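Number of protein chains: 2
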Amino acid sequence: MDMTAVHMDEQADFAGDRRLVTRVMESVRQKIAGRMLAPGAKLPSIRRFAETMGVSKSTVVEAYDRLAAEGLIQSRRGSGFYVGGRTAPLSLSELGPRLDRAIDPLWVSRQSLETDDSFLKPGCGWLPPSWMPEGAMRRGLRALARADDSALADYAPPLGLLPLRQLLSRRMSEHGVEAAPDQIMLTESGTQAIDLLCRFLIEPGDAVLVDDPCYFNFRALLRAHRAEVVSVPFTPTGPDVALFAAALTEHRPRLYLTNSALHNPTGATLSPVTAHRLLKLAEQYGLTILEDDIFADFELEPAPRLAAFDGLNRVVHIGSFSKTLSAAGRCGFIAARRDWIEGLIDLKISTAFAGGALSAELVLGVLKDGTYRKHIDSLRERLSRAMGETSARLAALGVTPWILPRAGMFLWCRLPDGLEAAGVAQRALAENIVLAPGNVFSVSQSAGGFMRFNVAQSADPRIYTALAAAMGR
Amino acid sequence: MDMTAVHMDEQADFAGDRRLVTRVMESVRQKIAGRMLAPGAKLPSIRRFAETMGVSKSTVVEAYDRLAAEGLIQSRRGSGFYVGGRTAPLSLSELGPRLDRAIDPLWVSRQSLETDDSFLKPGCGWLPPSWMPEGAMRRGLRALARADDSALADYAPPLGLLPLRQLLSRRMSEHGVEAAPDQIMLTESGTQAIDLLCRFLIEPGDAVLVDDPCYFNFRALLRAHRAEVVSVPFTPTGPDVALFAAALTEHRPRLYLTNSALHNPTGATLSPVTAHRLLKLAEQYGLTILEDDIFADFELEPAPRLAAFDGLNRVVHIGSFSKTLSAAGRCGFIAARRDWIEGLIDLKISTAFAGGALSAELVLGVLKDGTYRKHIDSLRERLSRAMGETSARLAALGVTPWILPRAGMFLWCRLPDGLEAAGVAQRALAENIVLAPGNVFSVSQSAGGFMRFNVAQSADPRIYTALAAAMGR
Numbered sequence: 001m002d003m004t005a006v007h008m009d010e011q012a013d014f015a016g017d018r019r020l021v022t023r024v025m026e027s028v029r030q031k032i033a034g035r036m037l038a039p040g041a042k043l044p045s046i047r048r049f050a051e052t053m054g055v056s057k058s059t060v061v062e063a064y065d066r067l068a069a070e071g072l073i074q075s076r077r078g079s080g081f082y083v084g085g086r087t088a089p090l091s092l093s094e095l096g097p098r099l100d101r102a103i104d105p106l107w108v109s110r111q112s113l114e115t116d117d118s119f120l121k122p123g124c125g126w127l128p129p130s131w132m133p134e135g136a137m138r139r140g141l142r143a144l145a146r147a148d149d150s151a152l153a154d155y156a157p158p159l160g161l162l163p164l165r166q167l168l169s170r171r172m173s174e175h176g177v178e179a180a181p182d183q184i185m186l187t188e189s190g191t192q193a194i195d196l197l198c199r200f201l202i203e204p205g206d207a208v209l210v211d212d213p214c215y216f217n218f219r220a221l222l223r224a225h226r227a228e229v230v231s232v233p234f235t236p237t238g239p240d241v242a243l244f245a246a247a248l249t250e251h252r253p254r255l256y257l258t259n260s261a262l263h264n265p266t267g268a269t270l271s272p273v274t275a276h277r278l279l280k281l282a283e284q285y286g287l288t289i290l291e292d293d294i295f296a297d298f299e300l301e302p303a304p305r306l307a308a309f310d311g312l313n314r315v316v317h318i319g320s321f322s323k324t325l326s327a328a329g330r331c332g333f334i335a336a337r338r339d340w341i342e343g344l345i346d347l348k349i350s351t352a353f354a355g356g357a358l359s360a361e362l363v364l365g366v367l368k369d370g371t372y373r374k375h376i377d378s379l380r381e382r383l384s385r386a387m388g389e390t391s392a393r394l395a396a397l398g399v400t401p402w403i404l405p406r407a408g409m410f411l412w413c414r415l416p417d418g419l420e421a422a423g424v425a426q427r428a429l430a431e432n433i434v435l436a437p438g439n440v441f442s443v444s445q446s447a448g449g450f451m452r453f454n455v456a457q458s459a460d461p462r463i464y465t466a467l468a469a470a471m472g473r
Numbered sequence: 001m002d003m004t005a006v007h008m009d010e011q012a013d014f015a016g017d018r019r020l021v022t023r024v025m026e027s028v029r030q031k032i033a034g035r036m037l038a039p040g041a042k043l044p045s046i047r048r049f050a051e052t053m054g055v056s057k058s059t060v061v062e063a064y065d066r067l068a069a070e071g072l073i074q075s076r077r078g079s080g081f082y083v084g085g086r087t088a089p090l091s092l093s094e095l096g097p098r099l100d101r102a103i104d105p106l107w108v109s110r111q112s113l114e115t116d117d118s119f120l121k122p123g124c125g126w127l128p129p130s131w132m133p134e135g136a137m138r139r140g141l142r143a144l145a146r147a148d149d150s151a152l153a154d155y156a157p158p159l160g161l162l163p164l165r166q167l168l169s170r171r172m173s174e175h176g177v178e179a180a181p182d183q184i185m186l187t188e189s190g191t192q193a194i195d196l197l198c199r200f201l202i203e204p205g206d207a208v209l210v211d212d213p214c215y216f217n218f219r220a221l222l223r224a225h226r227a228e229v230v231s232v233p234f235t236p237t238g239p240d241v242a243l244f245a246a247a248l249t250e251h252r253p254r255l256y257l258t259n260s261a262l263h264n265p266t267g268a269t270l271s272p273v274t275a276h277r278l279l280k281l282a283e284q285y286g287l288t289i290l291e292d293d294i295f296a297d298f299e300l301e302p303a304p305r306l307a308a309f310d311g312l313n314r315v316v317h318i319g320s321f322s323k324t325l326s327a328a329g330r331c332g333f334i335a336a337r338r339d340w341i342e343g344l345i346d347l348k349i350s351t352a353f354a355g356g357a358l359s360a361e362l363v364l365g366v367l368k369d370g371t372y373r374k375h376i377d378s379l380r381e382r383l384s385r386a387m388g389e390t391s392a393r394l395a396a397l398g399v400t401p402w403i404l405p406r407a408g409m410f411l412w413c414r415l416p417d418g419l420e421a422a423g424v425a426q427r428a429l430a431e432n433i434v435l436a437p438g439n440v441f442s443v444s445q446s447a448g449g450f451m452r453f454n455v456a457q458s459a460d461p462r463i464y465t466a467l468a469a470a471m472g473r
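These protein sequence lines map, in sequence, to chains A and B.
In terms of UniProt numbering, the first sequence is residues 1 to 473.
In terms of UniProt numbering, the second sequence is residues 1 to 473.
So that you can see chain A by itself, here it is in the shape it has in the complex (with noise of 0.2 Å):
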């Protein structure tokens, strides 16, 4: 095809409506992306397209053009346009099963995060910055400013700075895991980790176990690593122990992630017995846990840890001071049985290079200060005040709790009449509120009527009555 020739021809065409470029563009987008155009396949011709789309020849030239421009396909000379040799990136989204976007797992995650203080985000999964140890920050960072050459600027040994890991392991068994500080490893993140540990265990298409619902980042790491997801009901005490057992039976699953203690989003704890029935399967199954323990430092006393009971032989165990300390300073941990560490090491290595010491030396800085202990006591009792007022204020809606958690900041509420959550929370985003819709937490897609709230981001009444109006109340 001569495009020159083409060109000339519907010259008078081209100050015409961008709108239809862009239609055709998104028409031809749409079939790449939906795989109905493969990478390779050659594209219509300009003729049949436009009588296809009933524009104007010049109109489908200027939309392929772009798009070659973009890389999205490519024109062959005399011979027409082709899909771009490369297939598309990978989308997550096109990974799993097509969601609607308010129930996406990522969803919450980037409303929470994109969102500016303009908006109210009782759907979001931290405290807000001005509940988090400030005083004792801001001293760890003028200490840090004053701390040798090399912890200003050098890399940390691979498993991290020695003296966190020592606090952790003594931090570790007051929790009654036990694991020496050569079983710690400091990672970026408690996502980092579990990121780490799901590469160092599973392959792409192996299953792995969930609790529905779960914490939706689950769902989209998961998702990230290709694996079979695999959600068990979720009951006040733990998962339900004989769904467990078939799941295990039926998808013989590598891996089973979860939160033993102030679950995400229930706010459960897991119960001895059922810990005790969970790790004879697990043994029997092959199976390893990793328990992710991010809100340890919310609890008033101690729920047992799936790695207390197991010794770190089919557990790990996974924390972060995200959520009680800073997650602006980035530092998580992970303590696993002693013959994977080197396994570990190489691939942190190989992914993420060493960390900085930087935070390391602020965490343990923080940790150390003799006012985070008073901190941590102030935010529990803070935290169970806000509890019982926001579950007052949402019982005044017909929002009820599943349970009333022991501890922490999540509240998981049925709404009243079958509303469904997803729509809610799109008419709330409407008004600049951020909610947290139950199925972004739903494997199954079976928490449609429920919704996660933070209690420590629902004190201002305004939530109310956006909540009230989205609900049609």
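Same chains, same label: a pair holds when it works inside one copy or across any pair of copies.
List time: in silico SDA-like cross-link candidates among lysine to any residue, alpha-carbon distance up to 20 Å:
#	residue 1	residue 2
1	K368	A145
2	K31	L72
3	K368	S173
4	K280	S75
Rather than coming from a laboratory, the hints here were simulated on the basis of the structure.
It should be emphasised that the depicted structure is a prediction, and the values quoted were computed from it without experimental measurement.
Given chain A, put chain B in place with the hints provided.
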């Protein structure tokens, strides 16, 4: 087998040598690691293994018991011991061809990171802390201690701190790379940036091109992604273009991962003509290029950047501050085509969640500190002096540079008399000197006679004494 009976029979030996138990355990571990005992396989009977190893039965019993407690093997009542059913976790060293650990791509990283200050590290890939802008870092930390509470406590937005992205956009344009702030995403490090892009752009089994030699961690990282790593010989002006074209035809790689300016390990700089040819080939074969530009600030005169010629169409530009500012405060970045940013954000949140603002604020503070430019100017001079001194001292030992780089910290040198660098490095390590033998950088294992020296880490005269001895001089 009745374990109790065995225990009783051999009770007298139980106080015996722990070393023997350890030796037996080690032998089993090696058999399992080497797949002589596959997952699920039955271990030799206690009697037989005791004979093989020349130890008492009770020693084997204790070794098996301890391995069972570790979960490596399992006891089945009345039947004996079996290798754990769980397949082994990912071992990077098993994914690639089996190499001597001294030329394994992780060797230099681990030696550099794990050895303490009693080691001299001319093989290490970064500057000594005393060469870094310590004063600016301290001022930056003191300023952070006065920042508002959200900078101290909160997550950063998914793309990362906007003022830093704006500054990076301006800095990149000085190198001719046009990237708007919304095309720039901050990451925890340059390595994490490359890792994220590999997840985004390649599937296991995809071919990826690297230079030969190239930065050894490219090899380790691509191995973690199970890429087919294909290398192209590197010349003083970039990769050999004819062989590059041949590799494209033969392997149809999805990605090419390189440094354009101050190439690691050679210190070479891409020429404009090679850049132009590479981009034409990339266009023709649908290749994406990851240009890792972490040494940019060392340059005296700006070299051509692929991302500048290409306009971030087929090229993704990557940077970090670990080499020129601080490795302790982690911060890297990706500049990519706009239509990839959404997908990269989803992937970053799923696998690492949001970054914190703290390290980004610190980097921003230091870059804006009035002394940073001056620091960089004096750093360049200091490196240039060290380059001259190091090459003179190496020349005295018959160790000759492949080229004399225009700037930076690396000297890629040939050893005299066909000496094997791996052996020299191992002998030097015994003298507390970490060297970087050539084949850790070489996919084709054709750099056995080369070694990379970091001129900033090569001032101590003991290095040359030990090197001479290790070379048998």
